[in-house]
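Undergrad: Residue strings, one per chain:
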Amino acid sequence: MGILTIVTFLPLIGVALILLLNQGENESEDKIRWLALGTSAVTFVVSLIVLAKFKTGVGGLQMVEQADWIPSWGIQYYLGIDGLSILMILLTAFISLVSIAASWTAIGHQIKQYYIFMLLMEIGMMGVFLAQDLFLFYVFWEFTLIPMYFLIGIWGGKERIYASIKFFLYTMAGSLLMLLAILYMGIKGGTFALPDLIAGRAAFADVQNILFLGFAIAFAIKVPIFPFHSWLPDAHTQAPTAGSIVLAGVLLKMGTYGFIRFNLPLFPEASVHYAPAIAVLAIIGIIYGALVSLPQKDVKKLVAYSSVSHLGFVMLGIFSLNEAGIQGAILQGVNHGLSTGALFFLVGVLYEQRHTRLFSEYGGVWKAMPVFSVLALIVTLSSMGLPGLNGFVGEFTILLGSMGAASLGPNPWIYTAFATTGVILAAVYLLWMFQRVFMGPLDNPKNKALRDINTRELTIMLAFLLFIFWIGIAPSGYFALMDSSVAELVSNIGTAVVALP
Amino acid sequence: MPDVTIDWYVALSIILFAIGALGVLLRRNAIIIFMSVEMMLNSANLLFVAFSRHLGDLNGQVLVFFVITVAAAEVAVGLALIVTIFRTKQSINIDEINLLKG
Amino acid sequence: MRVITYFFMNAFNLAPLILIFPLIGVLANGLVGRRFVETDRKTGEVWSGWFGSLMAISSFVIAALLFFSLRSQEFHAEVIYLFDWFNVPSAGFRIPWALQVDTLSVTMMLVVTGVGSLIHIYAIGYMHGDPDFSRFFTYLNLFLFFMLILVTGSSYLMLFVGWEGVGLCSYLLIGFWFDRVDETGHPMNATAGRKAFVANRVGDLAMILAMTLTFWTFGSLEFNTVFQSAVELFEKGHMVEFGLFSASLGSVLTAVTALFLMGAAGKSAQIPLYVWLPDAMAGPTPVSALIHAATMVTSGIYLIVRSNVLFEIVRASGSLILGVISAPDLVAYTGAATALLAGMIAFTQFDIKKVLAYSTVSQLGFMIAAAGMGAYVAAMFHLITHAFFKALLFLSAGSVIHGMEHGHHEIAHGDHHDDGFDPQDMRMMGGLRHKMPTTYVVYMIGALALSGIVPLAGFWSKDELLSHGSDNNFAVYLMLALAAFFTAFYMGRQLKMVFFGEPRHAAAEHAHESAPLMTRPLIVLAALAALGGFLNLPYFTEGMAAANQHKPGGIFLGLEGWLEHSIQSFELTAEGVLHMPHTSVVMSRSVAGLSTLLALAALAWAFYGVYGKKPKTADERDPLQSTPIWWFAILPLNTFYMKGVIPLFNRLAHWLGYALDWDFWHDFVHNRLIRDPFVGFANFAADILDTQGVDGLVNGAGKTVRRLASVIRLSQTGYARNYALSILLGAVALVAYFLLMVN
Amino acid sequence: MGNPIVFFILAAIAIAAAMGMLTSRNAVHSALFLVLNFATIAVLYIVLNAPFIGMVQITVYAGAIMVLFLFVIMLLGADKLGGVVGEDKWQRYLAGFLAVALVVVFGIVLAQGGGVDTGTATAIDSSPAALGMRLFEGYVFPFEVTGVLLLTSMIGVVVLGRKKRGKDA
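Residue numbers (the working numbering), protein chains in the order written: chain A, 1 to 501; chain B, 1 to 102; chain C, 1 to 743; chain D, 1 to 169.
Treat the hints with caution; some may be incorrect.
Stated by the list, open to error - DSS-like cross-link-like pairs, simulated, lysine-lysine; straight-line CA separation at most 27 Å: (1) 446(A) - 301(A); (2) 297(A) - 643(C); (3) 297(A) - 448(A); (4) 643(C) - 354(C); (5) 446(A) - 158(A); (6) 367(A) - 42(C).
Treat the hints as calculated values from the structure; they're not laboratory data.
Modelling step: build the complete structure from the supplied sequences, incorporating the hints.
TA: See the structure below:
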């Protein structure tokens, strides 16, 4: 059994152990929590082992595991990792660990089921990033919906049923088109293995625009690209804190990852063909998301819309179709996971104490919770893209990519200029958010009783901050991880697209 | 007098299978339904052995061996279930057992 | 002895310390300072404040060591590599964290750490008793840290780190008293900080675009590489090509430099982005002195001076923006216009700090204009002297405010009854020269230096700048000369209103001198403001200049001789690329004479003319209030932004957020247009649905599924027989299909 | 593949026994008919050159399994619950139709002679020894799994058959 299988299915052991425990007594509730935390911690450690075994100079797949699954259809159990997915694996392991730790006191009922779903979620996400067989990928892709559906539907806010069903059906509807595209290619190509399909992509070159769209819509809904974002504010606001963290941290990245992993290498000409259109949607998303964030009355909704804006940057980077753009996009995916995850966590800390997320209820919190506020400030700044913190690194690399993007025609600077306005707008809405919560007079008596951050929360935040600073100050190691794979991907696109100079 | 070909065995097997199926569908007594299932299994076994002979392939017999084993296990568990159900419902009438109703 | 020599002459390895010291200060004050101050106020303040100041002083020492090291190795610049920051090998994008130590950056380091140290010490006295004492010093040290990154960075990207970092500190310090509210209950300080940050971000947009463009043009963002390849490309006359983009070097650099101007306009408060600086006065006064007068706001000038090669290439290439004006000229005109406009707005202010704030905007305009004209050394010269006297003025103003507050405190006897008293309102002051003699003297020196009176620092720097203007760009010269006249006038007005006449408020009568901890740094700064001009004295006569071959020598042109190792301006002539003089080597007597005359006239006019007898009471109208000059109090951009752009923006955001995204897209399109017909169809088809409470397209689908299921579930009788039957049905159908149809 | 006369006799007995099982009102009779059916089939196995399977059929099916059935029938006293489905006549008709349809379909196919290859049978060594070798050469793992399955079902039966603590007793 290879290490990738282990890292994917390790949480199953935790699930099994939790199943054996009785629910109800306080003692076993704690046992469940510790078990879940321990399992995800071990998974995180294993993911670090994967990192240690990972060879940076290699562009292709590593640690490949391949076995027949349904041979008559050419479906394989095919796992592999490369520069495009290594960071996603680490992010998944990290976010899962953190979100389980973050649920410690926030979840009060049906604890057993809750942690089982969290661990199942982790399996699904790992599988999505590791599967190299389209069919296997699809199975994992759909599998992630189920735990998230329950996480929102059972432990969510007031409108949780509405939000969970909307989340489920919205993403499901998108994936159906992808399933059709996958089946078409798999049956025509006789295999579902991604590397084989890429090698034989000439076979379906004539319909690649349609196939591209089939995949693109599924991923676009997941990302979400404007105008497919309507499910996001509902899901984010209704999900429990940990659900939001996972949702923003990893689930959205599945969409952007899908574009990089499947759309670009499978349909290079179509990618170039659609690049300007997607870039325009991405830029609309950047500006629109930022503007819509501004007047929100609910903290979580603001952060949710800000995701639309941030993910716009990621999409722009991907469809720059050059090394800087794509690497920036991958890294920005990670950054968004960290910053927004941390923001959701912070909101959760406040919510646990005050049971409201309305701005009007807050103000001057800095006076009551100084340490918390400083941490929140750093995270806000990271989300805003302050140089020296992680957000800037990704954003700048993306903008660098888009400025030099051949895929965006002879005047890529127009795209870049519009995208960069997001930098201003991010400052506008994030500072407005920060001011409404933390600054001003502490005049709501309920806020005076707020306790500052406790050790558990501080530990979680420090874990976030470690990466926020690390990526911000010394990201070269992160780039080194993906460089070869991205270079190979880009040259792969380049050789396929003769039109490109 | 024609030679006995594989066709004859197929025919016999199908008839037995059909009778078994009828038993499952028509009888109310759970135990008899169970016996009918066994008969359907047997008809399949018969076909296996016949084809094994016909094609000169021993694997068919191996498979029958496994089927018999599984059938034995199945009967054991199935009968235990029937006993348990009888204990709670005081009946083995299949029409009174609908715990799976949606 | 040799060790010491080595130590002094080769301090380059110590350069990282200049960043590390402030960082230590940040960590110390940030992590433990609060607890320290809270346990024992008195000693805690001493420790916290002096530790922060000590870190600033240490940085100053390092800067001084670097200064000597540079001298000892003949001004040869060094780049000290620390570690990789960006490294994207396949994209060829590699930016290290590295420190550029050359004469230009060391100049900035000295100014920043020198003035910074004094202000740190002053702040120990000024912030005494503030509940967030240690937080203040954390911010100050953090600011120092970022400012030093800005000036020492070896690449545009590193400069940008400092650029944004100081913006952040500015935001934090303006909003230092973030819980203070105005009459309407609005937290004005927090809002002012936000305004500063957003205005700066507008400039940052330009910076990011400029940097990405620079990278694709030259393949690097490091100063040395960029400037070298810029000159090479220019000499070869190649086109710039990347991706499908293609343009001439001149037009690309025009875009880059114009974007740099926009960046500088944000940070250095130029038209059209100056509006944040006056509001920034909401921060504590040491902050206004350090950040919003002496150091941070000058980083725009530093940027332009640093990029002098690019600006000069644009000038030489003859590329115009939209065929109208070249980028360096635009810089010059922007600066001159700002100098003039801000000078006029300063007339109309009553807040002692706001006058100084607009004055700062105006003086920054001088520097920008100088840089735009190619007078880079003059710009830097004015930057340094301005740092001295404007820091002095702000700190003295702080001393005045402090004195007024104490006076008010005395008369109020701890009774916090507010009678509309504002310690910063000049109308409530008057006659303070008797109450606060030290402050009065140093303020006077600062004001005269700013007005450009011989032989104080401001005279020399402003004069150098003006004479360059009269040689190269007469329109700019005229605007600047007029601005200089205004400068003297509003300073005269301020002096008169604050220190002369009779006290117009009880608080002013009871004001008294500030503590020595505050006044001593003032005296040091006053000395610098008086003597700063000697940094770069011009030759007084043509003969003296000729004797030295028009090169720096002796006490003359010291700064020029120092900076020419970093500023490599050149112009294109028939012979090729030539070095160009940065400053007028010889003093222009006509320019100097005229500006001195104008300054004296303006001072006198303010002192004895307009404000000769007025105002007598605190609520008297200003004599200028009925003249057109007063329009500038409301007309300029600030009103336009606050009343026009921002409400419009907010309304747009609100409309997008609620009307478009929620009501239209979320509710109407998804619910009415997609869900309802869908559900309606489902109702019709299934005929057992009710239309109550259906919600959302997806809900509709969900409910449809559920309703469909409620029909289908009837088939799930739970009777094993029914299941068996259906299995058999399927089996027979399949068998029939395979056996009959397939054959 | 055997003497036609033998085949017909055995087939007739098997079908008759099956019908008997289907129609008996008494469950004990049904079980006995089934034993007869199994025994007939065992003979057919032997005719088909599968002596080992035939013996297993006798011992396991006709012996062990059917004894178990009888045992349960008597234990529960359920021998009198006879008859067929009462209310839903359509089910009865449908079931009958399907059974006939199944037979008819195969009948058609067989009549057309297109169903299976009707070549001559191949003789192979199917002695118990050969079967054993095949079992242990190619099917060791399934064999082991079968063992586990039996063990599992045994445990399952024990658990199911055990009286619930504190409920019945």
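Undergrad: Now look at each hint and say whether the structure bears it out.
TA: A quick look at each hint next to the structure:
For the hint pairing residue 446(A) with residue 301(A), the CA-to-CA distance comes to about 22 Å; that is within 27 Å, so the pair holds. Distance restraint check for residue 297(A) and residue 643(C): the Cα-Cα separation of roughly 23 Å lies within the 27 Å cut-off, and the hinted pair is therefore satisfied. Between residue 297(A) and residue 448(A) the CA atoms are separated by roughly 21 Å; this keeps the pair inside 27 Å, and the hint holds. Using a Cα cut-off of 27 Å, the hinted pair residue 643(C) and residue 354(C) holds, with the two alpha carbons roughly 20 Å apart.
Using a Cα cut-off of 27 Å, the hinted pair residue 446(A) and residue 158(A) holds, with the two alpha carbons roughly 22 Å apart. Using a Cα cut-off of 27 Å, the hinted pair residue 367(A) and residue 42(C) holds, with the two alpha carbons roughly 22 Å apart.
Hint compliance for this structure: every hint is met.
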